[in-house]
Structure formats: structure tokens, C-alpha cells
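K.L.:
Once you have looked at the hints, place chain B on chain A.
Protein sequences appear in the order of chains A and B. The opening residue of the first sequence carries number 1 in this note's numbering; numbering runs sequentially from there. The opening residue of the second sequence carries number 1001 in this note's numbering; numbering runs sequentially from there.
Think of the hints as simulated: they come from the structure by calculation, not from any bench. Any given hint could be a false lead.
Stated by the list, open to error - As a list, the in silico DSS-like pairs of lysine-lysine whose alpha-carbon atoms are at most 25 Å apart:
no., chain 1, residue 1, chain 2, residue 2
1, A, K60, A, K80
2, B, K1009, A, K120
3, B, K1372, B, K1014
4, B, K1372, A, K60
5, B, K1043, B, K1372
6, B, K1372, A, K17
7, B, K1372, A, K80
8, A, K80, B, K1002
9, A, K120, B, K1002
10, B, K1059, B, K1043
11, B, K1372, B, K1009
12, A, K220, A, K19
13, A, K19, A, K60
14, A, K17, A, K60
15, B, K1203, B, K1161
16, B, K1059, B, K1203
17, B, K1015, B, K1002
18, A, K17, A, K220
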Amino acid sequence: MSEILATLTGVSKSYRKGKETVEVLHNLDLEIPSGDFIAIMGPSGSGKTTLLNLLGGLDKPTSGTVRVGDAEISSMSNNKLSHWRSANIGFIFQFYNLLPVLTAQKNVELPLLLTSLGGKERTNRAQIALDVVGLGERARHYPRELSGGQEQRVAIARAIVSDPALLLCDEPTGDLDRETADEILKLLQILNREHGKTIVMVTHDARAAGYANRSMICDKGSLEHREAT
Amino acid sequence: MKYVGFVWKNVWRKKIRTSLTILSVLVAFLLFALLSAIGYAFKSGADAADAERLVVIDKVSLINPLPIAYRDRIATTEGVRSVTYASWFGGYYQDPRVQFPQFPVDPYEYFSMYPEFEIPRERLDAWANNRQGAVLGRELAEQFGIEVGDRMPIQATIWTKADGGRTWEFDIEGIFENEDPRSSSAFLLFQYDYFDEARAFGKGTVGWYVLRVAPGSDPVQVGNAIDAQFANSPNETETSTEAAFAQSFAKQLGNIALIVTLILGAVFFTLLLVSGNTMSQSVRERINELAVLKTLGFSDGAMLGIVLAESITIMLIGGLLGLGIGWIVVQGAAQAMGACLPGIFLSPQAMGTALVIMLGAGIVAGIFPAVKAMRLSIVDALARA
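Looking at chain A on its own, in the form it has when it is part of the complex (with noise of 0.2 Å):
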């Protein structure tokens, strides 16, 4: 864990709100090893998902600058930041968002459709992460035939289909019963500590905080440092 994988630098971001000026972050800094396995929690509207959307490239910070692996992504069009995503993003959200017109194999393929791989390679990468996250056998399915805990499931599959190094999760099991909520706590452990991936998660249940190397609170537009329970 002693390369660093995203750092964020003197980072702020503020809204407009009516005629209003809301600072949600303030002058952040944050190194991210790579291999890290990260809880961020906070009170709502403490900038926790912001932050996530800045690590993402989703969103761009109003100063300081965002640097994952050898990109400033801070400083990036639209159309180079759509590119950079679809390689080294992964994200998995609340909802699952999966689409709901296509099966659980052809939603794990969507990240690949941006490749220039084949159809055939497609269906086989996408079978692989299917089987990764214990689904193999769902491929099939539509997302309405399979449990919340499963279409999160089919979700962290299309996460990590591209093979990404960073996966950014916003609230992974805010939808899910407890036992659902430990199991898909486990997979993200197991790509963590298995696979390598380096994890960022934004929860507000300490429980889930557990399962990360280390957490930390976000309030006020700034991070304090927690050591894991």
C-alpha cells in the first residue's frame, strides 16, 4: 500500500444555491494508496458523495486539483474524462442502476461496448465477472427477476468487468437487508484484499465501515482521520 493511487490537493468545491454560495469542501487534501480499502462516512450533505464525484471524474472541484494514477483528471474535457472513466472507474451505486431493458450479462457488458473488443470477448469478460461475484449462473436474468442483493451484485460485476483499479461505491448497501448488506460487504473485502482493487466507500452505517482497511469522517467540507473498529 505504499504507492499512491489518487491524491486530491488543496481541493474545493461550492454550489450555487439561488443567489447563495454553498461550500461543500474545503481546501481537502487526501492521499489514497493504491490497494487501500477506504469507508468515508458523515452526515448527509457533509460533502461525502461530492467527494466521490471528484474521485470519479464526475464532477470537478471549484479549485485544487484531482490526481488518479498518472492523471490530473481535475483538469480534463468532458470527452477525455468520459474516456479515462470507462478504463480505470469503477462505480457502484445505491440502486444498483442496472438497466432494466437488458439481462445481467448484457448489463455487465455495457463498460466493455466502449473497448474495441469483440463480441465474443465481450460475453466471456463479462461471464468471468458474473462468476467473480457468484452470479455466473444469473446471466440471463433480468434485472426485475433478481433480489436487491443480487442486482448489487450483478452492479459490483459491472464495476470491476473493465478491470478498473479504483472502484468508488456511494452507499453499496443502503438498500440491502443486513445479511445482503454482509454479504456484498465480504465481496468488496475480497476484491479488495484478493484482487487488488482499490476501494472508496461512502456509507453512513458503521457496521459496514468495519469492513474497510481504515475510515474516515467527512463533515464540514473537511476529512478526520479514524481508525478502523
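P.N.:
This is chain B only, laid out in the frame that chain A set:
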């Protein structure tokens, strides 16, 4: 090509809505096919017109006859290579509702003037030698099941016979062919000599003259020279090209092209509203999914392309189905109505135009939702979910 399956799945996301939209597109293009074919029938005469043929009619009205004596004077006008004449008979065979043209003409002169109509020489000779003989086009012969040797009574609606009768009996001596789809062979020709001798009134007159200008002669000058000859006479003439004559004849029924354009304009405007609304709804209800696609790395251009491809796909499915059904209906109509409205034909140009309209309408209907998808802010869209 790798997006084809994805686009297809999205098109059928709401099966009933997509089916209804496709149905409305289908109806629009079915209408386009039918009106194009009818419009083609009205302008086919002008399209098939020979640039070296001129038509001479009475200056006041086409229905006023011209003296047969004009024939020789026209023939000797400088620049005239050959001349013939014809008249409108206006009868019917068996059923008054089934109308088709009949023309009393000079057999040899007529076929010499219209080389596009082909008849075997021996059949032409047989007709010329039988004063009550007639020939008819293949379309008409097939429609009525008439063969050479049959007797065909035609009921006159204008020209009663000198004996007061209205039935004109003809011996069918030949069937002529016409391979040009732009013009029709659905008409009957019989001898002018028999017509003029047997009719009760109007003797010594013809409906119009048709002439061919000599090579190198200017058709406009020849026409002016003919009209000048008959200026200040009881029957002044108006000479025009065959194309202009065909157009003015068609315009007697109204400006068909304008009517067709107005109807299709209204139909396609409505179609754009319907399909545009469908696409807007489709994009609006999956803002979150589109944001997810952008999150995964789909570029602004890809988002624009995906939504436009969906819109164009809907247009192509409905449009091609409508055009296909229209083609079948036009084929049937050409068989059934060939006599009263000859030249009904769904031309390759019309089908090409339809394809261009499908693509254009697909783009226009999809462009606003597509731009909305392209400009979508991921953060805002995901925050709303």
C-alpha cells in the same frame, strides 16, 4: 454495430407506446405511397411526353373541335414533319362507372406518331382494312379479358349515331403494347373514318391535332407559325408541347401536386409531433439510466447517437412497413384502376424520397431529446434519482 442490440432493446422498452408510434409512422408512409402513386399517375403523361411532339387544340377550349381541313394546312407548315389527329369519344364498356379513354384516329398515322406503342404489322393492317375495327392496349385487354376477334360494344355518352343509336360495335383487330411505366396503354383506338361517317353531329371535325416537328426545327417557332395561320379564324388554335398539354389536361382536375404536398405536409407535421413526443417521454423517464451510461464512460456524442438511432429506428420500422404495404396496395390499384386512372406507379424516386424523409423525420423527432441526453449533468441526474 455493437450498439445495435442495445438500441433495439431501448426502442422496445415500452412495447405498446412504441407499437402505437410505429403504427402512426406506418399510416403516414402508407399515405405517402398511395398519394405519390396517384400524383405520379397525373404527371406521368407529362413525363412520358415526347419533346418533338406538339399538340394543337382550339384556343378557347379543348372541348371545342377543330375542322379536319386544318390537317393539310398544318402538315404543310414549315418545320412540320408529320401530323395526325384524335378526338375524345367518352364511352364505356358494360359498366358506366368503369371509364377509360377511346379515341377515333387514323390507324397508320397514329402508330407512326406514337412509336412507343407497339403493334404487330399484320394486326395494324387488319385494323386499317376493317372500318369497324378497333385496337386496344394490353392493360385494358387484360382487365376486360378481351382477345383479338372479340366484338366489343361501346356505349356512347356524347356521340350518338346518325340512326339515333348509342351503341358502337367494334371488332377487336389487335392489341398494342407499351413497356413505358410512365404512360398507360389502357385505351381503345378505332377508325376516324367510321366515326365521322356514323356520328349524328360534328362531322368534319377532330378534337385535336398532334404533330412531330422536323429534325432541327424549333418546336416553339413551329407552334407559333401554326397558331399564326389560324389567327382571326372561327377556330383559332393554341399549340403547345405534349408535356405542357398533358400538364394542363391534368390541371383541369386541380393542382394535384399541390394537394398531395399539402396533405403529406400535414401528415408528416403531425407525425413529427407524435414521434417527437414519444422520444421526449422515452428520454425523460430514463434520465437516471442515461446518467449511469455517462458515468460508465459513454461520451456526449455516444449519448446523442444512441437517442437519435432509437428515433431513426422507429421511423425506419414504421416507414418501411408503410411503404411495403403501400407498394402492395398500389400494385393492386394499378390492376383494378388501370383503365380509369392509368399510370398509377410507386416510382423508385418516390421510394427514395420516402427513405430520405424517414431518416430526416427520425433526426428531427429525436434531436431535442438527444441533445438533452447529451447535455445531461451526471451529478444532477443521479442526485435526483
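K.L.:
All the hints need checking, so say for each whether the structure fits it.
P.N.:
Each hint, compared with the structure:
{"no.": "1", "hint": "A:K60 x A:K80", "verdict": "holds, 13 Å"}
{"no.": "2", "hint": "B:K1009 x A:K120", "verdict": "holds, 19 Å"}
{"no.": "3", "hint": "B:K1372 x B:K1014", "verdict": "holds, 20 Å"}
{"no.": "4", "hint": "B:K1372 x A:K60", "verdict": "holds, 21 Å"}
{"no.": "5", "hint": "B:K1043 x B:K1372", "verdict": "violated, 44 Å"}
{"no.": "6", "hint": "B:K1372 x A:K17", "verdict": "holds, 22 Å"}
{"no.": "7", "hint": "B:K1372 x A:K80", "verdict": "holds, 20 Å"}
{"no.": "8", "hint": "A:K80 x B:K1002", "verdict": "holds, 21 Å"}
{"no.": "9", "hint": "A:K120 x B:K1002", "verdict": "holds, 11 Å"}
{"no.": "10", "hint": "B:K1059 x B:K1043", "verdict": "holds, 23 Å"}
{"no.": "11", "hint": "B:K1372 x B:K1009", "verdict": "holds, 20 Å"}
{"no.": "12", "hint": "A:K220 x A:K19", "verdict": "holds, 20 Å"}
{"no.": "13", "hint": "A:K19 x A:K60", "verdict": "holds, 21 Å"}
{"no.": "14", "hint": "A:K17 x A:K60", "verdict": "holds, 17 Å"}
{"no.": "15", "hint": "B:K1203 x B:K1161", "verdict": "holds, 11 Å"}
{"no.": "16", "hint": "B:K1059 x B:K1203", "verdict": "holds, 20 Å"}
{"no.": "17", "hint": "B:K1015 x B:K1002", "verdict": "holds, 22 Å"}
{"no.": "18", "hint": "A:K17 x A:K220", "verdict": "holds, 17 Å"}
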